[in-house]
Each structure stands twice: as structure tokens, then as C-alpha cells.
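Q: Heads up: the sequence lines are chains G and V, in that order. The numbers in the numbering used here rise by one with no breaks, and the one at position 95 of the first sequence is 127. The numbers in the numbering used here rise by one with no breaks, and the one at position 288 of the second sequence is 295.
Treat the hints with care, as some may be off.
[Stated by the list, open to error] Using 25 Å as the maximum straight-line C-alpha spacing, the simulated SDA-like pairs for lysine to any residue come out as follows:
| id | chain 1 | residue 1 | chain 2 | residue 2 |
| --- | --- | --- | --- | --- |
| 1 | V | K274 | V | I379 |
| 2 | G | K93 | V | D232 |
| 3 | G | K93 | V | I379 |
Simulated from the structure, these hints should not be mistaken for lab results. Since we're looking at a predicted model, the values are computed, not measured.
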Amino acid sequence: MSDITIDPAVPATAIEAPAGRIHEFITSRYPMVQITDDQDIFELGFINSLFAMELVMFIEKTFDLVIPTAELQRSNFSSVRAMSRLVERHQPPVTQP
Amino acid sequence: MTVEAEAPPLTLAGDRARLRAFVDEHVVPHADSWDLAGAVPEEMLDRLGAAGLWAPFLPVEDGGAGLDMVSLGALHEEVGRGCSSTRSLLTVHGMVSWAVHRWGSPGQREQWLPALARGEQLGAFCLTEPGAGSDIQGITSTARRRGGDWVLTGTKKWITGGQRADVYLFFARTPAGIAAFLVPRRTPGVQVVPIDGVLGTRASLLAEIRLDEVVLAPDALLGPDGFASGMVATGVLDLGRYSVAAGSVGIIQACLDACAEYAQHRKVGAGRLRDLQLIRAKITDMVTDAQAGRLLYEHAGRLRDAGDEATLMATFVAKYFASRAAARHASEAVQVHGAIGLGPGHPAGRFYRDAKVLELIEGSTEIQQLTIAEHAFRKDEWT
């Protein structure tokens, strides 16, 4: 059995599922809110246009991608799982050392 | 043997000392006359284009200079120091240019960005309506489909640069929500009505833009439909807010420069105005707030350059601080100058009127207060 070593040079994206990072980002901004990965975050009432912009910027920076304009649809940001799938569609390939 | 490539020469936009000299030569001596005349002249608009100052943050491949955001802030501060009306025109043009860069299709980018970068086409940001200012959701302009085309109807008011712009970034309601459209000025059905005699930024070519069943091709839509109010408007307003923050620091600096120079020479009794302690207190506050405001927008700019979402709130804070400080110090600038500052064509009066505008635009002071507090209460730190 081989040990799995976390190499700090390898981006987090190669190690953690996007859903975990996105979930953590949302709950760190709204610690009083508990959400599941499939819950519609817009229906929870705390999402405004400013936070939507923060979400987009966080996703693009954290996962090193640019979200195509055609993908800037509410359905792609409605839940943690939807955003995770968006990331997986557009994440650049990670090369291991 | 390796030969190190020479760094490309700084463009004017990225060279603060040259920028300052440019503003001192071409803007400062004329700003009061532009204010009185109610317009920044066309030759100044051309000069800004020749100097590459309209949208230098655009990538080089799109005709820009790839200028970083901190340097853009310095540019808008220096121009704002010279003339808030001129800075306002850079602000809204930059907002439109950035929107096309960020959300434009390849075709839209190719069609608009090179001309926007050079200032050959000027942009204006059209969101505010007679019945909807802070309440963006209250806009009533509409966009409906007719075949593949869009048909727009609505009125926007107090549009900076509206008298002169070649293209309007026009926000309208669609069945899906709020969307942004690129509306060329010369499209049939577009009416431009100048607005003159406003309190401040009198030379910023304000206009009311009326669209009456204006037909646009499908590619007039910029960015997504429906979700745009959360993306295009917010993102563009963020850049506008950043520019206004920097421009506010420019007004503070202009007030400081004017008051310090006046106090050095104005005789009072056996001494000079600069010898009076209460005058010194005002100067000290101007020095401090100019530096503090500059640090705040530079911080927001660095975050923006890093793609860090914290830039959004940092920009709110920078604009809130700097705009209120500008209004405060512009009032003090009139006070320091006494009756001379009340005269027509004196810069202190222009600073005072222009600074008031900054407390209303790109998010009024009250909206800033609500937004920043709401953000602070998101965290659990005080429970």
C-alpha cells in the first residue's frame, strides 16, 4: 500500500473536490446558515448580487478558470453541486510532478 | 550568455510623474472654464485618446496597455485631481470597456474593444432611470424579442458622457430578468437630450437617453440574460466605484494643494494664513485623509489584480471613506479661501460641488453604509 503525500506544490484543486471548497466559502461568509450540496441557495434568501459576484470571483480564482459567459446562468450557481459541476467542466487539467 | 530583455517603456498611463505633468499642463488650467461652459471640449477627449488614457487596463491584444488596477487608480486620481468631470468620463467609458472585455463574445470584443481602447468610440453606462436610482430592481426599461432581434424601450437619466457617447451600455428588463445591451448612438429610435446646469461635474456631458422601440441585432445582448443583474451590473459598478474612490482622493489632493498654496501667501495681520493653528488643523486632516484614501483604493486595486473577491467590499470601503472625505475637505477648502472661494470660476467652489456628486453616484453614501454593515454582520465574530 502506498502512502499518499500532500504536495503543497500541487494545487488544491487536484486534491479536494470543488464542492468542499465551495461549501466552505459559503458557510464562512454565512456561518449561521447550514446548507446541503443540493439545496437551492437562492431560495434561502441571503444571496444578493454582491455575493453572487463574490462567488464567481472565488470560483475563478480558486480553481484557476474563467467561467464562460454562456455558463453565467442561475442554474449553474443555484447549489453547491451545480457550482461543483461547473468547475469540473471548465477546470484546467492538473499535471502531477 | 543570456541577454535580458529590456522591460517595455512605461506608458503615460502607468507613469505617475508623467501623468501628473500631463494633468497639470492639459487639465488643471482649463477645468474651471470647462465647468463654466458645461462641457469638456472635444479636443480634450482627443487628447485623452492620443495619450492612451481611456481604457489602458484592456489587454494589449485588445488595444489596451494591460495596465494593472492599482495604476488605473492612480490615473483616475490624477485626472480627478485636475477635473472631476473629465475623470467621470474616464469612469463610465472604463465601465463599458471592461464589461465588453469581461462578458463580450469574441465578435463583440473584436467589434468594440480596439475602438474603445483608442477612444475612437466612447461609451456611457445607462442604468439609472427617473424612477430608479439605488433600487436597480426598479428599472422599467424593457427589452423584448422580435424574431431574433431585440426591441428596447425606456429612458435613462443623468447619464455621464451621454451627450457624446458613441455606444451605450443599456440595462433593460427581459422576461428572464435584467440584461445589458450595447446600443450604438446612431441606432434609429435613440434620442439624446442634454442635461445642463446640474450642481456638480457640470462638464461631464450629462444626458437623458430615450429609447423608443429601438431594434437591435441579437449580438447587442452583452453577457447573460436574466442573471445579468447579478453579474454585469455588479461587476461594472464595482469598477465604477473603484474609479470614484480614486477620483475622490484626487479631489482631496486638489483641495490640499489649493489650500496649502493659498495659506502660504495670504497675509493675515503680521503673518500668513499658514501660521494660524485652525488652518493647520484643516491642512493636517487633508494630508491624512488623502493618504488614507489612497491606501484604501490601492488595497482594493491589489485585491482586484489578484482576482480576490475581497476586492468588492474593499472597494465599497474605499469609496465610502474617500467620497465622504472629499465632500468634507471641499467644504473646508471653500472655508480656507474665504470669500474668494465663493467666486465664480474659483476651483474651491468646483471642488465643493463636484465632491457632493461623489456621495450620490456608484452607490450613495447610505447604500454604502447599509452594504458594509450587512457584510460585517455576515460573520459570526460578534455573537
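Q: Out of the numbered hints, which ones does the structure contradict?
A: 1
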